[in-house]
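S.K.: Chain by chain, the residues run as shown.
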Amino acid sequence: MASSSVFDETYDVVVIGGGNAALCAAITARRAGRSVVVLEGASEFYRGGNTRHTRNLRCSHDGTAPTMTGPYEQGEFLDDLYRVTGGQTDKALAELTIEKSRELLSFMDDVGVRFQPPLGGTLSLGKTNAFFLGGGRGMLNALYRKAEDLGVTCVYDARVTGLTIENGYFVSAQVDHKGAARTVRGKALVAAAGGFESNIEWLKEYWGDAAENFIIRGTRFNRGDVLRLLLDAGVQPVGDPTQCHAIALDARSPKFDGGIATRLDSIVFGIVVNRDAQRFYDEGEDVWPKRYAIWGRLIAQQPGQIAYSIVDSRSIRLFMPSIFPAIEAQSIGELAGKLSLDAAALEKTVAEFNAAVRPGSFDHTVLDDCRTQGLPVEKTHWARAIDHPPYYAYPLRPGITFTYLGVRVNQEARMLMADGKSSGNMFAAGEIMAGNVLGKGYLAGIGMTIGAVFGRLAGEGAALHARN
Amino acid sequence: MHGTDPASSSAGRSPALAEVDRLMTICNACRYCEGLCAVFPAMEMRRTFTEADINYLANLCHQCGACYTDCQYSPPHEFNVNVPAAMAVARNDSYAHYVWPGFLAGVFNRNGLLVTLLTAVGLAVFIVGFVLWVDRAALFAAHGGDFYKIMPHNAMAGIFGAVALYAVLAFVISLTRFWRDINGGTPIGLRDFGRALIDTFHLTYLHGGGGGCTSEDKRPSPSRRMFHHFTFYGFLLCFASTSVATLYHYAFGWHAPYGLLSLPVIFGTVGGIGLLIGPAGLYALSARRDPVLTDVNRRGMATAFIAMLFLVALTGLLLLMLRDSAAMGILLAIHLGTVLGLFLSLPYGKFVHGLYRFLALVKYAAERRQGTFVE
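Chains W and V, in that order, give the protein sequences.
Using the numbering used here, you'd call the opening residue of the first sequence number 1 and step up by one each time.
Using the numbering used here, you'd call the opening residue of the second sequence number 469 and step up by one each time.
Hints should not be assumed to be uniformly reliable.
Said to hold, decoys possible - Covered stretches of chain V, going by a simulated chain W footprint (3 or more residues, C-beta under 8 Å):
| # | stretch |
| --- | --- |
| 1 | 489 to 499 |
| 2 | 508 to 515 |
| 3 | 530 to 537 |
Claimed, not checked - Below, a list of computed lysine-lysine pairs in the DSS-like style, where the Cα atoms sit at most 27 Å apart:
| # | chain 1 | residue 1 | chain 2 | residue 2 |
| --- | --- | --- | --- | --- |
| 4 | W | 255 | W | 91 |
| 5 | W | 348 | W | 91 |
| 6 | V | 686 | W | 178 |
| 7 | W | 100 | W | 255 |
| 8 | W | 204 | W | 255 |
| 9 | W | 146 | V | 617 |
These are computed hints drawn from the structure, not numbers from a lab.
We put the CB at the ideal spot given by N, CA and C, even for glycine.
Using the sequences and the accompanying hints, generate a full structural model.
M.R.: Written as C-alpha cells, this is what we have:
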C-alpha cells in the first residue's frame, strides 16, 4: 500500500502514528464510514512505537472477564491514578479515561485482540490489567489486521516532516516517504505519534550531555517530530518537558529498542554504587514495583550516568533472570577490577555497609526489618551483609521509556490552541497527549488505557467532523 | 553476553543447543509469549537450561509460529529471536541424539533419500516376490477380493509382524533414552498421562494460544491444526482397521475379504480418506509457509513422511475399489510394498515427532502440576 497513488487522495481522516492509539482511532473512524490513512514513520517490523513493547492494558471492569481477577472499580482506579501522579492530572479527563476504560475489553475483543491470564511474576496485576496474548506486538498485529480488513490505508516508512495548519485547522501533512517528498491532504487529523524519548538532541535541551548516555527502551522512531510541529503551530503544551519515565536497566543493552528484556530487578537485594564506588541512594526504600521508576533519574544524576548493582550468592536467585549474565568474582576486590572501579574504595564501601547492617529477619516479600544504621545513605529494608561469595554485579544505565510533554486536549480529544480555543479538526491520542492525564509517575498499563480511550474518542470526533 | 551473543554461550554445545539456550535466556527475561503454548511456561520454571532441558523444550514446541510473529525481538531486531526455527533444528537433532541403534543417527539428515530407498525395497520385495512365487495366471486373475489367494495370510502377518516388532523395539529404546535424560526426578502420575493424551488428541498447543498457527501467510489460521487432525485421526482409523481385522481373523475366525459395511473396511476407508486430505493439506501449507519458521535443511523429513502416508492411503483405497478386478494382484504388491516402506522408516523419520512430543507433554503436565515459576 505504499505506491504513490496513496498520496494523491484527500482522506477524510489522516492518522499520524502507528501504535495502539493511532489504530484505535483509525478503526473507529473507518467503522464510521470515513476514508482513513495511517502514516507510520517506522518500517512494518518496527511499527507501533512503544506499543511494540507493552504487555497489558489497565481497565476498570466488573470482574467477569475470564482472564482477570476482579473487580476493579472506577473509584479505586482513580485513587491509584491520584496516588502516582500526586494530583498532577486533569480531573475531568482522568475520570473520563477511567469511565471509558470499562468499554475497552469488549472493544479489543471485537477487533480481534486476545488476552491471557498472567502467570508467575505478574500475578499481582491480574486484577487491574488485562494481558495481551503474545504481548504488545501480538496486539498490534491484531489491530493492523482489523484496520486492513476494514479498508484503512496503512503506509509505512512515512515520516511526517511538516504540517500545514491554518488558524488551528489542519490542511495537509508533508511526508518523507522513503526519500520522496509527498503531501497527504485530509479533512481531519488525528495525531498519535508518541513522545520524543528517542530524540537525543531534544533530551539534551533538558539533560545536557548526560542524555548521550541514556538508553532508549523503545524504537528509534519515537522522535517527537509531530509533537514539535504541533507545538510550533500554536497548540497548547501540557506536561513537564524536562520529565521522562526512566528506569535502571542493564548498561550492556542496545541503544534503542531493548524493550522489556533489558530491565533488572536486582537493586533491592544488594547495594548500588556509582563510578566512584560510592552508594548514593536507599536501595531498600520501598517495594520494587513502587520504586523501580526512580532509578533512571538517580543514575542519570551520577557521574558518567553509570552505576553498578552488587549482590552476593545469597540473593542472585531471588529476582527475575535477566538477559545479560552477572559479572562474577570471588572477592570484592576482584569484582572491582572487572568493573574497572577503585578496588580499595569498593572494599571500603562494602565493609562499611556490612558493618552497619542491623540484625533482622529477611523477607523480600514485605517491608522487612533488615536495615543499616549509621551510614550517610542508609538502606532501610532488605539490608543484608554482602559477604557470601561469589559476588555478582550488573552495570546500570538510565533507560528512558517515555516523555511527559504533550499537547493539551479536551474531552473530545480535540487539541486546544494556545489562545484556549479548541481546534477545528485536529485531535490527539496516546503518548502525545498522555500528559493531560498522567502529569507525573506511572501506573502499569495506563499508557495503553489513555491511548485506546483517546484513540477511540479522536476517531469518533475526526469521523464526525469529516462527515459534516 | 549470553543473551545476545551466540558465540560466547555455553562452550562445547552444538550450535543448535547453544542457540536455544541463548533464546531461552532472552525469552525468560521477557515472557510476553507465556500464554501461547507450553514451551514458555516450562521455560519459566527454569533459570538455566541444560542440554536435557533444551531437548525437552524443543520437543514440547509444536512449531505453530505464533511466538515469531508476536515477538518484538524477531529479525531484523538485533536480538534475532526465532524460537520456532531454533526449536525445529534442536528437535530434529534430538531424534538423532536418542535414536537406536545409534549409528543410524545420520538418517534424519537425508531422510527423503532413506524413505525412498526403503519404499523401493518394500516394493521390490512384494513385486519380485509375487512374480517369483505366485503363479502367473493367478497374479493377473480376479479373485473376488481374496488377497490370500495371492499371498498366504501367515506370510503377510509374519513379514509385517516382524517389521512392526522391530519398530516397537526401536521406539522403546530411543524413547527410554529420551525420557531418562529429560525427566530427572519429577514424579509422574497417571493423571499426567491423561492430561498429555488430551493435549495430544486435541493438539492444544498447535493453536497459538487460541489464535491459530502462522502457516500459509502472516495471519493466524486454524488450517494446519485441522489438516493435522485429518492426518492423525486418519492414521488412527487405519490402525484401528488393521487391529479389528486381526481380531476378526484370530479371535473369531472371520477371514478377509470383509464386506463394504464391515468395521475394518469402514475404518480403513474413512481413515484412508483422512490420510489423503490431511497430508495433501499439510504439504500445500508447508510449501507456502515462510521458510524462516522451519529447519530448512531438513524439511525433507516431513515431506517424506506425509508423502508416504498419502501413498499408503491412495494405494489402499485403490486396492479396495479394484479388489474384484484382475488388477488386484499387482495393486496388492504395490500397497504392501509402500506399507512395508512406511513401517521400516517409522523409527527413522518424522513419525517419531508424535512420540517424543507425547512424552514431553507428560513431563509438562507433571511440572505444571507440581512446579513453580522462577520470579
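S.K.: Now tell me, hint by hint, if it's right for this structure.
M.R.: Okay, the hints, checked on the actual structure:
Counting residues of the stretch 489 to 499 of chain V whose beta-carbon sits less than 8 Å from any beta-carbon of chain W gives 6, enough to reach three: the coverage restraint holds. A count of 3 residues in the stretch 508 to 515 of chain V with a Cβ less than 8 Å from any Cβ of chain W is obtained; the coverage claim is therefore met, three being the minimum. Only residues whose beta carbon comes within less than 8 Å of a beta carbon in chain W count, and the stretch 530 to 537 of chain V has 3; three or more means the coverage holds. Restraint check for residue 255 of chain W and residue 91 of chain W: the C-alpha separation of about 36 Å exceeds 27 Å, so the hint is violated.
For a cut-off of 27 Å, the pair hint linking residue 348 of chain W to residue 91 of chain W is broken: about 50 Å separates their Cα positions. A C-alpha spacing of about 24 Å is found between residue 686 of chain V and residue 178 of chain W, which places the hinted pair at or below 27 Å, so the restraint holds. Taken as a hint, the residue 100 of chain W and residue 255 of chain W pair is broken in the structure, with Cα atoms around 36 Å apart against an allowance of 27 Å. Using a Cα cut-off of 27 Å, the hinted pair residue 204 of chain W and residue 255 of chain W holds, with the two alpha carbons roughly 16 Å apart.
Proposed proximity of residue 146 of chain W and residue 617 of chain V is contradicted: the alpha carbons are some 63 Å apart, above 27 Å.
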